[in-house]
Amino acid sequence: MRPIMTASTTNQAEILQASRFFTHCIQADASRNAQLQQVSELSLSPEHFAQFLQKEICQGASLNKAMRRLRKLVVCSLIKRDLCGQADLNEVVTSISLFADFVVQQHLQALSAEMQTMHGTPIGEESGTEQAMIVLGMGKLGGYELNVSSDIDLIFCYAEDGETRTTDSTQRSLSNHEYFSRLGKKLIAAISEVTEDGYSFRVDMALRPNGASGPLVASFNMIEEYFLIQGREWERYAWVKARAMTGNADDIVALEKIIRPFVYRRYLDYGAIDSLRSMHAQIRAEVVRQESKHPERSNNVKLGRGGIREVEFLAQVFQLIRGGRDASLRDRSTRLTLQVLAEKGIMDVPIIEKLLESYTFLRNLEHRLQYLDDAQTHTFPAKEEDQQRIAQMMECASVTELLEQLRPHREFIAEQFDAIFRDKAENNSENEQGMLAVSLSSPDSDELIAAHLAGLDFSVQDASAFSQRLQATWQSPKVQSLSEASRMKLVALVNNALNIIARQGSNQLLAWNRLLDFMEAIARRAAYLALLTEYPHALARVIRMMAASDWAAKFLTRHPLLLDELLDESSLHQRPDWPAFRLDLQEHLAQHAGDTERQMETLREMHHAMQFRLLAQDLEGQLSVEHLADELSQLADIIVAAVLQSAWLTVASRHTAEPSFAVIAYGKQGGKELGYASDLDVIFLYEDEDQDAPANYAKLAQRFITWMTSHTPAGILFDIDIALRPDGASGLLVSSVASFARYQEKSAWLWEHQALTRARFCAGNASIGEQFEQIRETVLRQQRDADKLRDEVISMRKKMRDANVNRSDLFDLKHEAGGMIDIEFIVQYLVLKYACQYPELTANKGNIALLKRCGELGLIDVRLAKKTADAYRLFRKLQHGIRLQGEDRARVSLEIVEQEASAVRDLWHSLFVDIASPGTAH
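The sequence shown begins at 2 in the working numbering and counts up one residue at a time.
Source of the hints: derived by calculation from the structure; they are not laboratory data.
Note that the Cβ used here is the ideal one computed from N, Cα and C, for glycine as well.
Here are the simulated DSSO-like cross-link-like pairs (lysine-lysine), alpha carbons at most 30 Å apart as the crow flies:
#1 Lys-878 with Lys-853
#2 Lys-853 with Lys-669
#3 Lys-669 with Lys-846
#4 Lys-815 with Lys-800
#5 Lys-853 with Lys-868
#6 Lys-799 with Lys-846
#7 Lys-747 with Lys-846
#8 Lys-800 with Lys-747
#9 Lys-66 with Lys-56
#10 Lys-747 with Lys-789
#11 Lys-800 with Lys-868
#12 Lys-867 with Lys-834
#13 Lys-867 with Lys-669
#14 Lys-789 with Lys-669
#15 Lys-66 with Lys-187
#16 Lys-867 with Lys-789
#17 Lys-186 with Lys-66
#18 Lys-56 with Lys-187
#19 Lys-789 with Lys-846
#20 Lys-800 with Lys-867
#21 Lys-799 with Lys-815
#22 Lys-345 with Lys-355
#23 Lys-799 with Lys-867
#24 Lys-868 with Lys-878
#25 Lys-555 with Lys-878
Label-pair restraints from in silico Cβ distances:
#26 Glu-896 with Trp-750: 35 to 41 Å
#27 Arg-306 with Ile-717: 46 to 52 Å
#28 Leu-43 with Gly-346: 36 to 42 Å
#29 Leu-483 with Pro-695: 52 to 58 Å
With these hints in hand, go ahead and build the complete structure from the sequences.
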């Protein structure tokens, strides 16, 4: 932020004299200088305003006269504190905004009492309660960032229609609308009429529904109907700032619920960029027109290029885009919003710091332009003497020096504005787009499109395939039902995509088909089309991902909201910061406390977003399969913990604040080998003697499963498998820790102990997690009959093989003899056989680490241990690549993995003797 200006005592008097308004006020009233000496030592607050107002009234002044005199005192005090370095920008804009609130509240209170004496009390026809007028402060007033010499933008409204209730025959009843209309007119006159003492504030009511042609006051029903039917895009921008200055608290909350869905969309609204760009262009056109008529007014620090309005637009475009999903971006202050953009990583911290510095410089300069004559101006004065006065107030030796200081600030703001608002379509070939649009609508579309594609160096065969698919998409009901404007946006995107795909070396047709599937899915969502138009690099990234992976293409088509993740290349490639993600998730869930549906959406959206980032890094080759699985497993742990916490709060009969309950992960999640579409194998444990505990924890488990598996507009979180709980499908949904320990010791089948080798505490009560680990280690370290163990493992493996027969000529990476399940069974067998001698084998370190350790301990051949570990790594990598292409079964040509599969079979043979040949059962 720009530091507070300072000046020597000698210079202070000279600087203050540069303000003609200040000098006139002091000279016009002999008592004001003494008052000013007292007031200017204070950082003004509403309490001070009340004291000074009461003093004026006690001396015989009417409320109107007293308020106008107070206004001059407040403005002179702010001018003095600002120019003498006692107040920074924040104090100046906050103080004058608080004074505007004070003025409105005091006059409204007095006038309401007067109106009620004449007409009775306004009553709501539905609620039967007393109604009060809500005065909304708009613009800079709404954000507590008012200029010292600014007018105030107001909107008047009330909750319910009805009539005033009279108490005696002298009162004349009015409809609520007539009552508040009269009250509003009186309020405007009280504040803005110019008298011998001046005015309190100029009042502008143009932002109300229907503007000057609309009624002066509006009921909530009128406002809601207006938003639904007539509300225009620029009004969303205006209503971001709306702040209730008066009114009943409950009515204000109800009004905010009407305003919020109009201003903020639930989706990411990238169409706001084009809307604000158009609005800015109209404003600039008017400014240019005025400047051409009056060249002497050509330096407008508010509306000119690189001016204050461009900073406000920069802040508000992100509010309109993201505010519907992130409440922290709904602040009415431009400065605070910019700070949030930096905190959220939406814009870089150094850029925000410099924007705030430039914004502060411009606002300080704007104030000095207004201090000159207390006029609401934003342009440099034409007279040289006045220009010099402005330079003096800015503590510059000359006007030239001031303009030199101003120039880099405006250039930086303009540069940042252009980075967001520059029309990206200007980079496209309008001729190409026009040709493509004509071609798609032509009877000879086949030949025309083929010729267009040939011009992009596609082969004749590819051009034909591309053309056929494009025409099929264009003729689809979804696309044909679009407006002409949306279809042209789609044409522009298709044209851009063709140019990108033409430069791509491989998988061109695959990428094209997948992209058009995606385009059809989002065609009716203008916000997504706008995003890809505004951010061409995001379109290029989408095409690269779709060329690389069918699963990625389908994932993005199901969840187009994830397009937002493609905008920031740096964050897309950052390693996940899991503590920060956990905290962010908690904050977002807290914002929607009590709204189960919205919390479930939030969980899915944030989970999918992080999954998508990992997917992008995966497709770029930045993550090994093992590393990716670790990250996906960590993500799942965080989601499980968050769902557990949120679901517990929905159990109305819960008997304790924190559940003594834990989720235990088995299978891929337990072994930290999770994939993108893996389900979660879990069991639920509790330790709680309360009589209500079993029932409440059963409810919690059911709610947990519901939260995880329910299909919402954002999809699901995970499929949940609870078959591994004690006694399987016939067992209880939740188990006490003691009953789980007894079951594992006395009743569990061997395959359940095999599953236990890959189980771990996932989320919930950490003490239960520790007890589970103790039970697990005790069970795994049991002394076992080696022959019986071997026979049961062989028997179980045969059952699995028989249930998954491969009738193809390909090698099944998972189920084939010498495949992944063989390796997993080998590791489980070694743990169960030798953990009694080597406790370290109970550590859940993964199959590769355990194989190597068994080799080092001499339990298996070291060479075979290494080869089998390498085979497992290769099989997982191949399986992952196949799954990314959308295949359900991971099968490859035997030649690719023959050596690795042979090594696995050799190890199996060394342990189980009766190893089978390829294609037959063990």
